[in-house]
Amino acid sequence: MAQPDPTPLQAPTDAHLRQLAAATLAETHNPGWPYGGGGPAVWSDCIDGALGGPAGKYCAAVHPDTLTALLDELTMLRGDGNALRVQQLQQALEHRSLELDSAQRRIAELESERTADGFGLQSLTAQGGVATLTTVPTTEQARELVLTMSLACGRMLDDGQAPNYVEFEVSPANARGYVVHVRRAEGPSPHTLRCDAEARAEAAEARIAELEQRVNELAAQRNPDDEVLVEGSWFHPADLPRILGNYMRGSDEDARKWKDAAVALHTANARIAELEQVTQYATARAVAAESKLDAERAEYAGWRPPAQVIENPEELAPLPVDAVIRTDLGGVARRVAGGWEGVGHSDTYPSEDVDLPVTVLWRPEVNRG
Numbered sequence: 012m013a014q015p016d017p018t019p020l021q022a023p024t025d026a027h028l029r030q031l032a033a034a035t036l037a038e039t040h041n042p043g044w045p046y047g048g049g050g051p052a053v054w055s056d057c058i059d060g061a062l063g064g065p066a067g068k069y070c071a072a073v074h075p076d077t078l079t080a081l082l083d084e085l086t087m088l089r090g091d092g093n094a095l096r097v098q099q100l101q102q103a104l105e106h107r108s109l110e111l112d113s114a115q116r117r118i119a120e121l122e123s124e125r126t127a128d129g130f131g132l133q134s135l136t137a138q139g140g141v142a143t144l145t146t147v148p149t150t151e152q153a154r155e156l157v158l159t160m161s162l163a164c165g166r167m168l169d170d171g172q173a174p175n176y177v178e179f180e181v182s183p184a185n186a187r188g189y190v191v192h193v194r195r196a197e198g199p200s201p202h203t204l205r206c207d208a209e210a211r212a213e214a215a216e217a218r219i220a221e222l223e224q225r226v227n228e229l230a231a232q233r234n235p236d237d238e239v240l241v242e243g244s245w246f247h248p249a250d251l252p253r254i255l256g257n258y259m260r261g262s263d264e265d266a267r268k269w270k271d272a273a274v275a276l277h278t279a280n281a282r283i284a285e286l287e288q289v290t291q292y293a294t295a296r297a298v299a300a301e302s303k304l305d306a307e308r309a310e311y312a313g314w315r316p317p318a319q320v321i322e323n324p325e326e327l328a329p330l331p332v333d334a335v336i337r338t339d340l341g342g343v344a345r346r347v348a349g350g351w352e353g354v355g356h357s358d359t360y361p362s363e364d365v366d367l368p369v370t371v372l373w374r375p376e377v378n379r380g
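Residues in the sequence shown are numbered from 12 upward in steps of one, following our numbering.
Any given hint could turn out to be false.
Unchecked claim - Straight-line distance between alpha carbons at most 16 Å, and here's what the computed EDC-like set of lysine to aspartate or glutamate pairs gives: (1) Lys303 - Asp364; (2) Lys303 - Glu209; (3) Lys303 - Glu213; (4) Lys303 - Glu363.
It is worth saying that the hints were derived from the structure and are not from the lab. All figures in this text were calculated on a predicted structure; none of them were measured in a lab.
Given these sequences and hints, build the entire structure.
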């Protein structure tokens, strides 16, 4: 080891020495050699050697300048090490962030696949404001799917996107399709709307028939010899000289007759003109009502009352007379005053002998509407 500089320097603290001991392997010397236990060298904590006693004490002898340089290098290395560590952590965090993004996308895909598998979804397309959903669900899945779509249609009613009802079509493969209507419980049903439209159309048709009959009656009462009426006038101008001449040359009786005839003609023309206006108005109203009725008939052409399945006697008892039911065995019966009558024979049996469950095929208060 080189001869230390005899210039005395400020010795580093014990903490610095401990840092040096942790970072370097200093040369060790006997405290009594070669400095005799003194001198300007810096001494760290001595450690016990294998020999024991004062001669066994060995310490690390380092010059103060060497120690300062080593500490500065240690600080620099630690700073570079921290920067490197930060860089490594940043890279690790970026890599972890990419892994998490990929995992989240996969989770979303798995959730979509789970939902699609749960409902048996095959495809979903939207064109022209109509969404088409193709599925292969089981019975339970189909029930859940219809319930979900019904709730979605109910939200459309709550949001004001539809005034009365929302409908969607369910078409099983190789089978007849069905149209499902979703409406508010207190709102009018499609059946009620159809009945109201038909009632208005029937009233308009009856009014038109009444007016046409009245016009035909007035036309039958007119005298062919007095065909002097034209549109917009009480009599034809060419007949004026003849009517005035007969009036002036006639007797008082003739004058009275002509006067009465003139009054009758005036009244008849007024009535006919009024009837023509009413007929035109009624015809326009009837055409509009017929167009609206045709549109509503087309709209509700595929509507049928939902089938009702009865599974207990309490629901079977209120069915009215003429209601028709079908049992699971295929038997069909009609409700009569004394109970039930099998279709095809006249045997009557009470309600307690009906094998439940049954399907209601006909309800007079619904199907006759």
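Non-conforming hints, listed in increasing numerical order: Checked against the structure, the hints that fail are numbers 1 and 4, while the rest are satisfied.
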